[in-house]
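**Student:** Residue-level listing of the chains:
Protein chains: 2
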Amino acid sequence: MRASVFCGVSLDGFIARPDGSVDFLDGHGDVEGDLGFSAFLDSVDCMVMGRNTYDFVVASGAEWHYGDTPVFVLTTRSLGGPSPEGATVEPLQLGPEETMERLGATGFTHAYVDGGVVVQQFLAAGLIDELILTRVPVLIGEGIPLTAPDAGDVPLEHGGTDVFGNGFVQSRYTVRR
Amino acid sequence: MRASVFCGVSLDGFIARPDGSVDFLDGHGDVEGDLGFSAFLDSVDCMVMGRNTYDFVVASGAEWHYGDTPVFVLTTRSLGGPSPEGATVEPLQLGPEETMERLGATGFTHAYVDGGVVVQQFLAAGLIDELILTRVPVLIGEGIPLTAPDAGDVPLEHGGTDVFGNGFVQSRYTVRR
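Chains Z and D, in that order, are what the protein sequence lines are.
Going by the numbering used here, the residue at position 79 of the first sequence is 79; the numbering climbs one at a time, nothing skipped.
Going by the numbering used here, the residue at position 64 of the second sequence is 64; the numbering climbs one at a time, nothing skipped.
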């Protein structure tokens, strides 16, 4: 069971503002294609999402970007309300390791892990194999960092970098074990 | 009077560990050349350094990397002890704006600004024109961030990215006014 992160990051290392907003990803001119997101989504067979991120996406009323990929929302509470149109969503009340075990036992092979706290927890637990980070040309000063303060060093191997015409710099890293 | 930053950054956005150490920049295999540092140093005619960084460099006993570039150390105290061998060092008890005014009035045209707190202060004051950041493939979880929390958004323009064989990704940005 592999797990990957695919997200935008401010130049100072934040994946969202303190309130979960990712508006700083916008306003950088035309983006070529979808920055490889569709190809990435095709490479996973399930998604693990934090509760805050799920609520934020639902509250925003934005289009559901994850197609029919089964999305497991880590939460201790009922999801409440209807799922977004077209979404396959299931709550899961498990920690990071148990989540990966359960998904692997169910037959899944590659999870897309998304959401500030969840990414931090999965990184700290050594469960992330790959990070695809799109570096956005803005400093935002504060927000939700990619890593939790007590996670220790996580050495990575650079797998390649693509530069987009609007100044986005996307780099792929695998976690060294 | 222009000001530029040239530094290494962990993938999660820290320019030093909490104690000022930058050991996470090491251990990434052979570095090709000097990552453009000599050329950058040739492009500046003075350097502004924070007191913590100066003390850290002096205490480390490391070779002085800045040649005969005049280095102004922002500090409210005497520098104490001898300067490193070959260094041209002068203390300056001024804030960011006053420092830039003074250096400009003295005839300098391009400052290399270095050190966690000083970089944060100069960025917050809108005094940085250019950032050359070398992204190092490791997450360190905590440290001195590139930006201060209250600095607000700083929009940037991407000027180019070079990828080095050891996985370092160096990007150049200019600050949009």
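Hints may contain errors.
[Unchecked claim] Pulled from the structure, derived: some chain Z residues nowhere near chain D, Cβ distances all over 10 Å: (1) F24; (2) G36; (3) E63; (4) R135; (5) V138; (6) D150; (7) G152; (8) D153; (9) P155; (10) E157; (11) F168; (12) S171; (13) R177.
[Stated by the list, open to error] Label pairs and their computed distance ranges (CB to CB): (14) D/D45 / Z/G27: 31 to 41 Å; (15) D/G81 / Z/D153: 26 to 36 Å; (16) D/S38 / Z/S43: 53 to 63 Å; (17) D/G126 / Z/F40: 45 to 55 Å; (18) D/D42 / Z/A105: 26 to 36 Å; (19) Z/R77 / D/T109: 26 to 36 Å.
Simulated from the structure, these hints should not be mistaken for lab results.
Computed from a predicted structure; not experimentally measured.
Just so it is clear, CB atoms sit at the ideal spot from N, CA and C, and this is done for glycine as well.
**Student:** The structure should be examined with respect to each hint, and the outcome stated for every one.
**Tutor:** Here is what the structure says about each hint:
1. Its beta-carbon lying about 7 Å from the closest one in chain D, Z/F24 breaks the requirement of being farther than 10 Å from that chain.
2. Its beta-carbon lying about 16 Å from the closest one in chain D, Z/G36 satisfies the requirement of being farther than 10 Å from that chain.
3. With a least CB separation of 25 Å from chain D, Z/E63 remains clear of the 10 Å interface cut-off, as annotated.
4. The claim that Z/R135 is not at the interface with chain D is violated, since a C-beta of that chain comes within 10 Å of its own (minimum 7 Å).
5. The claim that Z/V138 is not at the interface with chain D is violated, since a C-beta of that chain comes within 10 Å of its own (minimum 5 Å).
6. Chain D draws Z/D150 into its interface by the beta-carbon criterion, the shortest separation being 7 Å against a cut-off of 10 Å.
7. With a cut of 10 Å on Cβ distances, Z/G152 falls inside the contact zone with chain D, its closest approach being about 6 Å.
8. Distance check on Z/D153: its Cβ comes as close as 6 Å (rounded) to a Cβ of chain D, failing to clear the 10 Å threshold; non-interface status is violated.
9. Interface exclusion of Z/P155 from chain D breaks down, the closest Cβ pair being 5 Å apart, not more than 10 Å.
10. Not every beta carbon of chain D lies more than 10 Å from that of Z/E157, the smallest distance being close to 6 Å; the non-interface claim is violated.
11. Distance check on Z/F168: its Cβ comes as close as 8 Å (rounded) to a Cβ of chain D, failing to clear the 10 Å threshold; non-interface status is violated.
12. Non-interface status of Z/S171 relative to chain D is broken: a Cβ of that chain comes within 10 Å, the nearest being about 6 Å off.
13. A cut-off of 10 Å between C-beta atoms confirms that Z/R177 is not in contact with chain D; the least separation is 14 Å.
14. A hinted range of 31 to 41 Å for the beta carbons of D/D45 and Z/G27 is consistent with their spacing of about 35 Å.
15. A C-beta distance of roughly 32 Å is found between D/G81 and Z/D153, which places it inside the suggested range of 26 to 36 Å.
16. Taking the beta carbon of each, D/S38 and Z/S43 are about 41 Å apart, not inside 53 to 63 Å as hinted.
17. In this structure, D/G126 and Z/F40 break the distance hint of 45 to 55 Å, their C-beta atoms being roughly 37 Å apart.
18. The beta-carbon spacing between D/D42 and Z/A105, approximately 59 Å, falls outside the hinted interval of 26 to 36 Å.
19. Distance hint for Z/R77 and D/T109: a CB-CB separation of about 59 Å, inconsistent with the stated range 26 to 36 Å.
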